[in-house]
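Visitor: First to last, the protein sequences are chains Y and C. Heads up, the first sequence is in the working numbering, so the first residue is 206 and it goes up one at a time. Heads up, the second sequence is in the working numbering, so the first residue is 3 and it goes up one at a time.
No lab work stands behind these hints: they were computed from the structure. Keep in mind that a hint or two might mislead.
Have a look at the derived ranges for each label pair, beta carbon to beta carbon [stated by the list, open to error]:
1. C:62 to Y:237: 26 to 36 Å
2. Y:229 to C:29: 24 to 34 Å
3. Y:243 to C:61: 13 to 23 Å
4. Y:259 to C:138: 46 to 56 Å
By construction, the Cβ of each residue, glycine as well, lies at the ideal position given by its N, Cα and C atoms.
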Amino acid sequence: MSKLIHLDRKKVKGACEKFKTLVNSDEELKRQFEYMESIIERVKKERDEKHKIEKGGHKK
Amino acid sequence: MNLTPNFAVSARNPLVSSYNPADPTAPHMGAMLFAYGSTARPDSYTYPPRPFSFQSQYDNDEIQIGWDPADPNDENDINNYANQLLRKSCIAVTIMPRNVSVNNQHLIIFGFKSIYGSPLIQFFVGTDFVRTEQIDGDDQVAILLDHPGTGIYNIGIYARLASNSYSTIAAFTGANGYIL
Numbered sequence: 206m207s208k209l210i211h212l213d214r215k216k217v218k219g220a221c222e223k224f225k226t227l228v229n230s231d232e233e234l235k236r237q238f239e240y241m242e243s244i245i246e247r248v249k250k251e252r253d254e255k256h257k258i259e260k261g262g263h264k265k
Numbered sequence: 003m004n005l006t007p008n009f010a011v012s013a014r015n016p017l018v019s020s021y022n023p024a025d026p027t028a029p030h031m032g033a034m035l036f037a038y039g040s041t042a043r044p045d046s047y048t049y050p051p052r053p054f055s056f057q058s059q060y061d062n063d064e065i066q067i068g069w070d071p072a073d074p075n076d077e078n079d080i081n082n083y084a085n086q087l088l089r090k091s092c093i094a095v096t097i098m099p100r101n102v103s104v105n106n107q108h109l110i111i112f113g114f115k116s117i118y119g120s121p122l123i124q125f126f127v128g129t130d131f132v133r134t135e136q137i138d139g140d141d142q143v144a145i146l147l148d149h150p151g152t153g154i155y156n157i158g159i160y161a162r163l164a165s166n167s168y169s170t171i172a173a174f175t176g177a178n179g180y181i182l
């Protein structure tokens, strides 16, 4: 791997917080990012439900 | 030592989650891929064919970006998110790490390919400029990020095409992520 970029905690944290402020200041962006998070949450929920059913299926 | 990626996003898999319901407290990651200013042609109009077509992108599981590169001299932080990233030829990978600690790091390996011209890729974390890399042939750029802190963080990595030539094209061939 010839091209490696390392970003330390301070840099990442600063960039994330700056970006969060940007998203919260723009209604359209805020909606888009909330939607993104909701999709990931939906995936988790679906997997949890499927897992629950599969576990339940083993019981007599 | 071989590491198994925690996630892999590409044109055909733009939304992934490594969440395992059997082990819900384990570190996991949601990841999403976005492409702005991508380019495709029904055919390459050349013989022998060049890999510009819709079909070749689908076959190779890649997204070509081009025809609206940024100025390579513009290595500044973004002050207009829409105009300087979303309205440019750009790839964004957003990661949503969960159940990770401040001791963790995230390694994301971006794959790019030079399709036409001499593409440069400018990397940003959020809207902060990080570095420019020249893409030579079939290439990879690894980004190692320290996890920013306690609490919930979503991290956006933007890869913006830059070139002095308007017709430069690069292909994004996927990104693999690892929690270290």
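Visitor: Look at the Cβ atoms of residue 243 (chain Y) and residue 61 (chain C) and judge whether their distance stays inside 13 to 23 Å.
Guide: violated, 33 Å
Visitor: Return holds or violated for the Cβ distance of residue 259 (chain Y) and residue 138 (chain C) against the range 46 to 56 Å.
Guide: holds, 47 Å
Visitor: Check the following: the C-beta atoms of residue 62 (chain C) and residue 237 (chain Y) are separated by a distance inside 26 to 36 Å.
Guide: holds, 28 Å
Visitor: Between residue 229 (chain Y) and residue 29 (chain C), does the beta-carbon spacing fit 24 to 34 Å?
Guide: holds, 26 Å
In this structure, the one hint that does not hold is number 3.
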